[in-house]
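Protein chains in written order, with the numbering used here: chain A, 78 to 472; chain B, 78 to 472.
Quick caveat, the hints were computed from the structure, so don't treat them as lab data.
Mixed in with the good hints there might be a few duds.
To be verified - Here are the simulated lysine-lysine pairs, BS3-like style, with alpha carbons at most 25 Å apart:
| # | chain 1 | residue 1 | chain 2 | residue 2 |
| --- | --- | --- | --- | --- |
| 1 | A | Lys203 | B | Lys203 |
| 2 | A | Lys257 | A | Lys471 |
| 3 | B | Lys151 | A | Lys391 |
| 4 | A | Lys155 | B | Lys391 |
| 5 | A | Lys151 | B | Lys391 |
| 6 | A | Lys178 | B | Lys203 |
Said to hold, decoys possible - Simulated coverage check for chain B against chain A, where a stretch passes if three residues somewhere in it have a Cβ under 8 Å from a Cβ of chain A:
| # | region |
| --- | --- |
| 7 | 91-104 |
| 8 | 110-124 |
| 9 | 156-167 |
| 10 | 176-189 |
| 11 | 331-342 |
| 12 | 388-397 |
Using N, Cα and C, we set each Cβ at its ideal position, and we do this for glycine too.
There are 2 protein chains.
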Amino acid sequence: MEKRGLDTALVIGESTLGNPELLYVTGTTIPRGGIFLKRRHRDPVLVVSNIDVGSAKRGRIQDVRTYNDFGYHKLQEKHGPEHAYVRLIDSLLHSMNSHGKIAIYGRNEFSRLLSVADSLRRMGHKVTGEQDGSLFDSLRETKDRHEITRVRNVGLRAIHVVHGTLEMLRECTTSSGKLKHKRKTLTIGAVKSKIGALLADQGLMAPEGTTFAVGHSSADPHAMGEPSDPVRSGTPIVFDLFPVSPEGYWFDLTRTYVAGKPSPKVEQMFRAVLDVQLRSMDSIREGVPARQTMNLACDIFERNGFKTIRKTLKGDSEAARIGFIHSLGHGVGLTIGERPYLSLFSDDLLRKGHIVTVEPGLYRPGVGGVRIEDTVLVRGRRIENLTPLEKELKI
Amino acid sequence: MEKRGLDTALVIGESTLGNPELLYVTGTTIPRGGIFLKRRHRDPVLVVSNIDVGSAKRGRIQDVRTYNDFGYHKLQEKHGPEHAYVRLIDSLLHSMNSHGKIAIYGRNEFSRLLSVADSLRRMGHKVTGEQDGSLFDSLRETKDRHEITRVRNVGLRAIHVVHGTLEMLRECTTSSGKLKHKRKTLTIGAVKSKIGALLADQGLMAPEGTTFAVGHSSADPHAMGEPSDPVRSGTPIVFDLFPVSPEGYWFDLTRTYVAGKPSPKVEQMFRAVLDVQLRSMDSIREGVPARQTMNLACDIFERNGFKTIRKTLKGDSEAARIGFIHSLGHGVGLTIGERPYLSLFSDDLLRKGHIVTVEPGLYRPGVGGVRIEDTVLVRGRRIENLTPLEKELKI
Numbered sequence: 078m079e080k081r082g083l084d085t086a087l088v089i090g091e092s093t094l095g096n097p098e099l100l101y102v103t104g105t106t107i108p109r110g111g112i113f114l115k116r117r118h119r120d121p122v123l124v125v126s127n128i129d130v131g132s133a134k135r136g137r138i139q140d141v142r143t144y145n146d147f148g149y150h151k152l153q154e155k156h157g158p159e160h161a162y163v164r165l166i167d168s169l170l171h172s173m174n175s176h177g178k179i180a181i182y183g184r185n186e187f188s189r190l191l192s193v194a195d196s197l198r199r200m201g202h203k204v205t206g207e208q209d210g211s212l213f214d215s216l217r218e219t220k221d222r223h224e225i226t227r228v229r230n231v232g233l234r235a236i237h238v239v240h241g242t243l244e245m246l247r248e249c250t251t252s253s254g255k256l257k258h259k260r261k262t263l264t265i266g267a268v269k270s271k272i273g274a275l276l277a278d279q280g281l282m283a284p285e286g287t288t289f290a291v292g293h294s295s296a297d298p299h300a301m302g303e304p305s306d307p308v309r310s311g312t313p314i315v316f317d318l319f320p321v322s323p324e325g326y327w328f329d330l331t332r333t334y335v336a337g338k339p340s341p342k343v344e345q346m347f348r349a350v351l352d353v354q355l356r357s358m359d360s361i362r363e364g365v366p367a368r369q370t371m372n373l374a375c376d377i378f379e380r381n382g383f384k385t386i387r388k389t390l391k392g393d394s395e396a397a398r399i400g401f402i403h404s405l406g407h408g409v410g411l412t413i414g415e416r417p418y419l420s421l422f423s424d425d426l427l428r429k430g431h432i433v434t435v436e437p438g439l440y441r442p443g444v445g446g447v448r449i450e451d452t453v454l455v456r457g458r459r460i461e462n463l464t465p466l467e468k469e470l471k472i
Numbered sequence: 078m079e080k081r082g083l084d085t086a087l088v089i090g091e092s093t094l095g096n097p098e099l100l101y102v103t104g105t106t107i108p109r110g111g112i113f114l115k116r117r118h119r120d121p122v123l124v125v126s127n128i129d130v131g132s133a134k135r136g137r138i139q140d141v142r143t144y145n146d147f148g149y150h151k152l153q154e155k156h157g158p159e160h161a162y163v164r165l166i167d168s169l170l171h172s173m174n175s176h177g178k179i180a181i182y183g184r185n186e187f188s189r190l191l192s193v194a195d196s197l198r199r200m201g202h203k204v205t206g207e208q209d210g211s212l213f214d215s216l217r218e219t220k221d222r223h224e225i226t227r228v229r230n231v232g233l234r235a236i237h238v239v240h241g242t243l244e245m246l247r248e249c250t251t252s253s254g255k256l257k258h259k260r261k262t263l264t265i266g267a268v269k270s271k272i273g274a275l276l277a278d279q280g281l282m283a284p285e286g287t288t289f290a291v292g293h294s295s296a297d298p299h300a301m302g303e304p305s306d307p308v309r310s311g312t313p314i315v316f317d318l319f320p321v322s323p324e325g326y327w328f329d330l331t332r333t334y335v336a337g338k339p340s341p342k343v344e345q346m347f348r349a350v351l352d353v354q355l356r357s358m359d360s361i362r363e364g365v366p367a368r369q370t371m372n373l374a375c376d377i378f379e380r381n382g383f384k385t386i387r388k389t390l391k392g393d394s395e396a397a398r399i400g401f402i403h404s405l406g407h408g409v410g411l412t413i414g415e416r417p418y419l420s421l422f423s424d425d426l427l428r429k430g431h432i433v434t435v436e437p438g439l440y441r442p443g444v445g446g447v448r449i450e451d452t453v454l455v456r457g458r459r460i461e462n463l464t465p466l467e468k469e470l471k472i
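Input sequences plus hints: build the corresponding full structure.
Right under this line is the structure:
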C-alpha cells in the first residue's frame, strides 16, 4: 500500500463467489459478501450483514462488524436502498479516520459501483483506480504454502476424475466408428454426466463446464463438446478439466486421447505438442520473462513446420485458425486465469510461488486438435509439476 | 437508453461466467468474454478474441468482430497490455462514431476498470455511472417467454434432485439418533456427494454449493452443513438447493425435513412457516409493492408470537438471531439474487414476468431452523408456482 501511496484499501462484493479479491482478504466464503477495509499500518475490519457474522468469523479477519454498527438500517430508511450504500461506506471511512488515497477492489457490476465511487468523490474521498494490475493481483500472484497445498490437492482430486473417466472409456466396445458403453452408443453428454458424478465424489465443482471435444470439433480450442454427439474412435478427444474446490482454488489440466487407432497426422501433432510441452516446462524458472517461454514454444513449433499465433502479426490470417493459435499458459489460483500470463505481450517475470499452466496445442480444421496441459509450481531453478498424470495418446 | 440519456452502452467482461450482464446481451457463453457495444438506434456489435468467434456467433449478436479488427495486437506492442485495453475501447468508440453519454456495464475487477474509465474520461469520453439499478438490471428484471421456459426447466430438474436425495434418506435406518445408510453412519458429506451426482445427471451445477444443515446448526440460515457431521434424526434438516443450468439460469428451493419424530417446537415452527409461505404467495401479484409482501409475512409471524427482523429496527437485538431474521425473497434469473427484493426497504413494484423466491423461515439457537422456499412467476393477478414439490416435514 505504501508503494502505491494508498491510505485505505476497500474490497467490496455481494458475495465471495466470483469475487477472488474478497475471498482472498477474508479467507472464507461469505454468502452475501461484505466490505473489507484496511488502512495502512492498521488492522483490517470486515463489515457484513448480521446473518453472515458466523461465516465471516470463520475467516482470517479478527474484527468483524455488521452494517448496522454503522447505522445501515437508518440510512436505508432515510436515503433509500441505493444511496444508503454510499452513505454506509462514507460512514465507515469516517469512523476509521480514513484520509488520503482510497482504492476500491473486488468484482462488481461496474456502472453501479462507478456511481458509488463518483458519489464518494463528490463527498471528498480520493478514490483512485489502479492501472497496472491491482494490489490484490500482485498479492494473489505468488502463492504461499497454504495456497500451494490447496491447489495441489485440487490437482490430485482432478486426476482421480480423469482416471475414472478413462475407466468408462476403456469399458467401451467400438462399432462403426462409435464407442458403445453397456451396449448403448456413448454420447459426450453421458461422459459429462460421469465426469460430474466423479467431480462430486471428489468434492469438486466445474462451474465453467468441462471440455470433452471429439473429432473435427476439437480443432476449435473452445469447443466444449456437444452433449448429443457420439464419442467416436480414431479421432482426437480433447479433455480439458478445470475444477474448483469449495475454498475457491482452481486447477487446470488437459489430455488428448484417441480411442482406437490415431491417424498419422494426429500422431505427428501429438508428438510435436508433447515435445513443446516438456521443453516449455524445462524453460520455466524464477526470473525468466513469461513471454520468453511463449516465444520458445513458438520457435519449436515453427521449426517443426507448424504455424503459430505469432505469424498473425505478420499478416498470416490462417495462423489464427491453424497451428498453435493460443497462448502457452496462465496463472491459476483463486481464478482460472490470472497473472502471470505466458503470452506474446506479457510483461510478467516468472517468480517463486507462481502456479501456471503449460498448455501448448495444435489445431487443424478438418482434422482436430491436440492439447496437453499441466499445472506447475515455480520453485526457483525448477518447477514442481502438480499434475502427476501420464501423457498417452491411446486410451 | 433514451430515458437514461445514453448514447452508448458498453458491456465488458473477461468471461460470461459470473457476468450476467454480458451473458444477457450476448445470449451465449463466451469463454474469454468480450466487449459488447450498442449505440442508441443502432445494431449492437460484439468484439471478441479471434478464438472465441465461434462461441460468439452462437449467440444473438449478428455483428461479431475481433479485437484485431481494431488493431489490438499493434496497440499491445505499442502501449503494453494494460494501456492497450483503454486504447482498444477508445478505437472502438471512435470507429462506431460514439459521442455523448457512455455507460459501462458488466462484473469486473473494480479498481482496474475504474482506471480504464478515468483514462477514457481524460480522452474526452463521457463515461457515467448508474445509481438506481443499471439499465440491464431493469431489462433482466422481467423475464420473457424463453427465459421463463429455461427457469421452469431448471426447477423441474432441481425437483428430481430433491426426490433422489429423499430416496437416499428413506433407505436409511436409525441408530442412536444417527442415520445409517448401507450400515454406515450417513454423513452430510455423503449426502452432498449424492446431490452432486444427481445434479450432474440433470445437467445442473451448484457453484455456490448446497445447504444441507442438520440440527442446531440449521439455526444459522447460512450454515451449509459440515461434511463430516452425521445426519441426525429427530432434528431439522434445512435443504436449500440453488442450481444453475449451463445457459446460466438459476433456481432456488428449500425444504425442511425431520427424519423420525420432530419435536413439538419444530412442528410448531414448521406450521407457522408453511402458513406464512402460502399466504405470502397469495399476496404476490402485479402492482403490489414488494416490501408489502415482506411486511405481511412479518405481521403474520408477529401475530403468532415470533420475532422478526423488523424488531431490530426498534432496538431488539435478539431479533437479529431469533425468529424470522432475513428477507422474504428475491428475484432469480441469470443471478441467484437480483431485483425485485421482497425486503423491508425495497422500492420495487411486483410486475408480470418477475420470477421471485418466497422463503420465510424461523430460526431458534439451540433448536434449529425451518425454511420453506418456492420460486414463483408473477403472472398478473396470480402467480405460477414453478416449484411443484410437496411440503412435508417428515421424510
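Hints versus structure:
1. Proposed proximity of Lys203(A) and Lys203(B) is supported: the alpha carbons are some 20 Å apart, at most 25 Å.
2. At roughly 17 Å between alpha-carbon atoms, Lys257(A) and Lys471(A) fall within 25 Å of each other, so this suggested pair holds.
3. Only pairs whose Cα atoms come within 25 Å are accepted, and Lys151(B) paired with Lys391(A) is accepted, the gap being roughly 11 Å.
4. Note on Lys155(A) and Lys391(B): the hinted pairing holds, with a Cα-Cα distance of about 15 Å set against a maximum of 25 Å.
5. Taken as a hint, the Lys151(A) and Lys391(B) pair is honoured in the structure, with Cα atoms around 11 Å apart against an allowance of 25 Å.
6. About 24 Å separates the Cα atoms of Lys178(A) and Lys203(B), which keeps this hinted pair within 25 Å; it holds.
7. Proximity of the region 91-104 of chain B to chain A, defined as three or more residues with a beta carbon under 8 Å from a beta carbon of that chain, is established by the 5 residues found.
8. With 0 residues carrying a beta carbon less than 8 Å from a beta carbon of chain A, the region 110-124 of chain B misses the three-residue requirement, and the given coverage is violated.
9. Coverage of the region 156-167 of chain B by chain A holds. Counting CB-CB distances below 8 Å, 5 residues qualify, and the rule asks for three or more.
10. Given as covered by chain A, the region 176-189 of chain B passes the check, having 10 residues with a CB less than 8 Å from a CB of that chain where 3 are the minimum.
11. Check on the region 331-342 of chain B: 0 of its residues sit with their Cβ under 8 Å from a Cβ of chain A, so the three-residue criterion for coverage is violated.
12. Counting residues of the region 388-397 of chain B whose CB lies closer than 8 Å to any CB of chain A gives 3, which reaches the minimum of 3, so the coverage claim holds.
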